[in-house]
Amino acid sequence: MSNKLAAACLFALAFIGCGSDSGSSNAPGGLELPEGFPSVKEPADNPFTRAKFNLGRMLFYDERLSLNQTTSCGTCHQQALAFTDGRARAVGSTGQEHPRGSQSLANVGYANTLTWGNPLLRRLEDQALVPLFNLNPVELGFSGREADLLARFRDDPVAAAMFKEAFPGQDDPVTLTSIVYALAVFQRKIISGQSRYDKLVYQGIPNALSDSAKRGLNLFFSERLECDHCHGGINFAAPTNHQGVEQARDQFENNGLYNIGGTGAYPSNNTGLFEFTRDPGDMGKFRPPTLRNIELTAPYMHDGSIATLEEVIDHYARGGRKIESGPLAGDGKESPVKSALVAGFQLSREEREDILAFLRSLTDLELISNPDLSDPSP
Amino acid sequence: MNRSRAPRATALACCLLASACGGSGGSDSKPVSLRFASRINGDAFSCSRPYDGIGSTFQTVTPIDLRFYVSEVNLVTADGSLHALRMTEDGKTQHKNVALLDFEDGSGTCAEGDSNLKSEIVGTADDLDYTGVQFTVGVPFALNHVDATTAAAPFNSSAMAWNWNFGFKFLKFDLQSPGVVDGYRMHIGSTGCTGNEAGPNGSCTESNRISVSLANFNPDTNTIVGEFGALLRNNDVNFNTPETAPGCMSGDDPECATIFPKLGLPYPGTVSAGQELFFVE
Chain Z
0 MSNKLAAACL FALAFIGCGS DSGSSNAPGG LELPEGFPSV KEPADNPFTR AKFNLGRMLF
60 YDERLSLNQT TSCGTCHQQA LAFTDGRARA VGSTGQEHPR GSQSLANVGY ANTLTWGNPL
120 LRRLEDQALV PLFNLNPVEL GFSGREADLL ARFRDDPVAA AMFKEAFPGQ DDPVTLTSIV
180 YALAVFQRKI ISGQSRYDKL VYQGIPNALS DSAKRGLNLF FSERLECDHC HGGINFAAPT
240 NHQGVEQARD QFENNGLYNI GGTGAYPSNN TGLFEFTRDP GDMGKFRPPT LRNIELTAPY
300 MHDGSIATLE EVIDHYARGG RKIESGPLAG DGKESPVKSA LVAGFQLSRE EREDILAFLR
360 SLTDLELISN PDLSDPSP
Chain L
0 MNRSRAPRAT ALACCLLASA CGGSGGSDSK PVSLRFASRI NGDAFSCSRP YDGIGSTFQT
60 VTPIDLRFYV SEVNLVTADG SLHALRMTED GKTQHKNVAL LDFEDGSGTC AEGDSNLKSE
120 IVGTADDLDY TGVQFTVGVP FALNHVDATT AAAPFNSSAM AWNWNFGFKF LKFDLQSPGV
180 VDGYRMHIGS TGCTGNEAGP NGSCTESNRI SVSLANFNPD TNTIVGEFGA LLRNNDVNFN
240 TPETAPGCMS GDDPECATIF PKLGLPYPGT VSAGQELFFV E
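Top to bottom, those sequences are chains Z and L. Under numbering that gives the first Met the number 0, the first residue of the first sequence carries the number 0, and numbering increases by one thereafter. Under numbering that gives the first Met the number 0, the first residue of the second sequence carries the number 0, and numbering increases by one thereafter.
One chain only, chain Z, in its complex shape:
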């Protein structure tokens, strides 16, 4: 029987030295790659520059990015909550509720596909257009009004200068492309790799995890629980894309949350991958998100329908959720389209505590306080 902890360490050690910036990665703040992390892939037409990063950071927290000037990216992606907002479902600038919750942007630069269940969105430059212009629901609210968005920045000498510095050599650098490119550069630097888990595995600090958390780590990677089959790799998520990887494979899974009518159906506004592929086998399939900082990002699942981590563990231990009555009634455990990896397992009380201790060790206090990623305006 292999020691999963050792295996995890060896797996992680393979990455040490891959990061091109692994210098003072233990200093608070800064944008250097954490120890042991591979470099983020950048599109050839949008490499990192400090000027683009500064513009992207300004824009990320700027409420002028919403038509009614009430909301910014940072409203739904708050640094203190690992870039989530604590809601089951996000709410747009005009009060419309989104079917799904704001995802954590920690390590979003490594994601192979973006958002909960969309196989088409792969670049941050493309994803940013969705909240800017979406009508279902209205998020930032600029559909049809991009001229007004650009005028706001063109008419502001400070902002205009930042655009000029970020995109030199253009007659008019204040464009939609500039906005989404700058936002992407900023987001690619939202990297979380300073949790207690990282200190143990990548930085070699032996007592970074408690004994309980170490037992929880072993359980997490065990064949009995198989958590890492969906929440694996450096990001405890679907497969990551990084420099050195030709092309990560997509992963979308149905974890048995709903089984309306016994057909495996999910609520009609949250069918996941099925919405795109129309393949009945894809009903309710969503991208496994990162478990890093998971204790900060309640409530859980794509629609926030599981409130606590304890209940999440219980859900997986049971092998699917049973909704007793009402329009969403059904037993997800019996869903014909549930992933075979969500088979359920036996778990003692102590083991449940160990897993929770491990999950809490994935919290990165430096990410949530890194001044280089925070709102530049007071």
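Don't take every hint at face value.
[As the list claims (entries may be wrong)] The following residues of chain Z were derived to be distant from chain L, with all beta-carbon distances above 10 Å:
| # | residue |
| --- | --- |
| 1 | Val39 |
| 2 | Glu164 |
| 3 | Lys198 |
| 4 | Ser211 |
| 5 | Ser221 |
| 6 | Arg223 |
[Unchecked claim] Sample of chain Z residues at the chain L side, in silico, Cβ under 7 Å:
| # | residue |
| --- | --- |
| 7 | Gln95 |
| 8 | Thr276 |
| 9 | Arg277 |
| 10 | Gly280 |
Just so you know, these hints were derived from the structure itself, not from any lab. All C-beta atoms, glycine included, are put in the ideal place defined by N, C-alpha and C.
Assemble chain L onto chain Z, guided by the hints.
Coordinates of chain L only, in the frame set by chain Z:
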């Protein structure tokens, strides 16, 4: 070497004719415009007024938007043959034989647009007499999956881009009704689309392009009228199925069940006799 005069004279005549035509390929062509009009229950679409009696419960609504893409335009001669309308490139509303018609002028309750209007498609076609017209409301697949921020107009409209789906809304007809706060919206576009973001390697299970074929149409004297209010006659525009997109936004949105058949589009459990939105006047 002897050359007869006749061939030389013919060659000269052909040269003169070719220069007078101004068209390529040698056959005569002429300018052709297609005039469109949009109505809600018989009244012209305007951003500055309400409309009564809309939908199955006869609501009063105000307009938000009305725009749609037109492509694959063919004029039809009496013998039934098709002659393509070659749209004039104007750098703004017509590009690669796709036109974006625009009936909202950003005034009144139309808060998602600008002052530009476009109700006429301008181009050239073979110099013949026409008795019919065919066109598609939609963007051809090869052009439908482009980067809307860098594409040439009219493919750079944020209002018409379905960014999450990497394609365009072919038709955007949005109203404000009293009962649906988020707007009673009709967005028709391709759904069930997979493939990478470069587009052409993918496919969509529902094309949702609206095919229109109109007889008794003379481009010189007739107008193509779109009666948009009638599309909603079996919809209660004051009601939207909870937890679904406001109005009919394609896919399996239940409000589309009584709209898609009127556009000749497939929807599970329905049959269609073809589109009934456009007619000739």
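Hints and how they fare:
no.	hint	result
1	Val39	holds (18 Å)
2	Glu164	holds (21 Å)
3	Lys198	holds (37 Å)
4	Ser211	holds (40 Å)
5	Ser221	holds (34 Å)
6	Arg223	holds (35 Å)
7	Gln95	holds (6 Å)
8	Thr276	holds (5 Å)
9	Arg277	holds (4 Å)
10	Gly280	violated (13 Å)
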